[in-house]
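J.: What follows is each chain in one-letter form.
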Amino acid sequence: MAEMWISMGPQHPMTHGLWTLKIKVDGETVVDTEPDLGYIHRGVEKICESRDFTQITTYCDRLCYASANTWSHAYIYAAEDLLGVEVPERAEYIRLVAVEIQRIASHLMWLGAYGPDIGNLSVLVWCLREREMMMDLLQELGGSRMHYNFPRIGGVKRDLPHGFALRARHKLKLFLDRIQEYEALFDESTVFLIRSQGIGYAKPEEMINHGVSGPNIRAAGVNHDIRSSHPYSVYSELDWEPAVERSSIKGADCYDRYRIRVEEMRQSASLVLQALDKIPGGAETYHEPGDPKIIAKAPSRAPEGTSGSHHFEDSRGESMFYIAGGGEGRGKMPYRVSIRSPMFITIPYASKCMIGYKVADIPAIMGSFDPCIGETDR
Amino acid sequence: MRKVSEKVQLEAAEKLASSLNKMDGVESSVDVRTNGTQNRPIVNASVSPENWGEVAKQLKEKYLVDHCSMITGIHWPESSDKKWEVIYHFLRTGIRDPIIENGLVIPNIVDFSKVKGKDVPLEIQISIKIGDTRTPSVPSVQNLWVGADWNEKETWDLVGIDFEGHEGMRRVLNPHESPVGFHPLQKQHKLRYHGFEEMYDDAQGFMRKPVDSSRVK
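Residue numbers (our numbering), protein chains in the order written: chain A, 916 to 1293; chain B, -12 to 204.
No lab work stands behind these hints, which were simulated from the structure alone. Honestly, I wouldn't trust all of these hints.
To be verified - For lysine-lysine, the following DSS-like pairs were computed, each having C-alpha atoms within a straight-line distance of at most 25 Å:
| no. | chain 1 | residue 1 | chain 2 | residue 2 |
| --- | --- | --- | --- | --- |
| 1 | B | Lys69 | B | Lys174 |
| 2 | B | Lys116 | B | Lys2 |
| 3 | B | Lys174 | A | Lys1247 |
| 4 | A | Lys1267 | A | Lys1212 |
| 5 | B | Lys174 | A | Lys961 |
| 6 | A | Lys1208 | A | Lys1193 |
| 7 | A | Lys961 | B | Lys69 |
| 8 | A | Lys1118 | B | Lys47 |
| 9 | B | Lys69 | A | Lys1247 |
Claimed, not checked - Here are some chain B residues the structure puts well away from chain A; computed CB gaps all over 12 Å:
| no. | residue |
| --- | --- |
| 10 | Lys(-6) |
| 11 | Glu1 |
| 12 | Lys2 |
| 13 | Ser6 |
| 14 | Gly12 |
| 15 | Glu14 |
| 16 | Ser16 |
| 17 | Gln45 |
| 18 | Val92 |
| 19 | Glu110 |
| 20 | Ser124 |
| 21 | Glu141 |
| 22 | Arg158 |
| 23 | Val159 |
| 24 | Gly168 |
| 25 | Pro171 |
We treat Cβ as the ideally placed atom computed from N, Cα and C, and that holds for glycine.
Use the sequences and the hints to build the structure in full.
T.: Below you can see the structure in the form of structure tokens.
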């Protein structure tokens, strides 16, 4: 049969956003692929060059709607590196709580979207129900539902509100019970197992060479996690180890990538619970916004010729900001902001990963890598 | 949590920096930054564009730097010592495929408190400065780190720095039909809604009148 090229997207349920996957098929088998990105390129890096350091946080929130908090924190750590700010320990704990709750919400969004990808619609409703609990908690912290603009250079916007720790503990406990229901829903569904097992194999050494990181690489049986190999915040003071999945001999398949995310949600919940117990000053104390216990004074200008960068473990992999500061009398604004998007690097790899499988496997393989187009196109 | 001790990491960073220093056209040092709770040493190196191909090969094969995080291009039209700069961020992760025993995969759990030698995780930042030229270019590292492929595409697309030997260079974020030579992160392109004066005499024909010049931003 003659080979031909087909465009999947830009409007296709598989794509989780606007992009095109061009596939070359021989009958039902995929023989070549070519991703085509850039449909929602907003030029965030260019916009940041004419904003001052505090204004940029809002743009970073909007890089990814499913994981807004991790992105603004990724920026904040790079900006603090540039400006040389020392953050109070209490603020670091509050940030950890915010980021880990966001990670749960992001993985739940992924799990909810992955179900319909491979023919299990009811799981979407279940996951969004629990995601709502997480978003309520984040709303208490940041004030809005999705784009929180929560961290500040030098600390956080506001302290944990009264009763937050109580509600967070209660909700996370409920969530840890309900996670077992999802596992039952997925692991006992024959349709899910048939469609996710044995496809999209990926090996760790190949993945790291292709720049893939985060849950996708931990699914293949290695414990590479920026939070533990290059620790930041207060992760090193809590009792945890990166979640690692025992993959099959051929590498991690889509099922392993599902397992690792469920495991990470459990772990994030445990990290939040530990942080609420260990937070200096206690989780029930409240400091007014601007208190030196939760925010340190930060300079607004970066000297000429300085730069700051920080690797950060995003929900989807290693994200990173590089900021070149000052230069040529523009002290208040960065000269160049560069963003590493984990999915921008992973999508080309995931597209290569599906070569040799059937056309019907494409949504399962692509979805298992958790693509997010907002951060990819920036 | 088991983590790499600061001493081990600093020693590994200094070792890598001193061996990089011995290569031609490389100036390297260790920069210790603090991020709230701990010190993180970064191996900073400045490499001349002619030597970058060889240095990259050594980094990958001899010093086992296996992860290319990010490539950043910067246009410095008014700087005195450089007009273009390419910055590479690498991580040494030490990831190995898990071993298989009796048909069962044993997950490769690295105990970071015990790593040594070339397995110590490190951050590496390489900067390449390019002089005044209309066609800036550096050797491509796509064949060493496949992950650099799309980073290089992006850097060319947005900043206009070319990578010699890169296969399949094309627009990734800008539309495919963008004019040749249009690279929006070059500094001669200004944001239209920022300096209003620039906006009204722009060549792109926005025929709007200044409504309120105080409404900048």
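J.: Checking against the hints above, which ones are violated?
T.: Checked against the structure, the hints that fail are numbers 4, 18, 19, 21, 22, 23 and 25, while the rest are satisfied.
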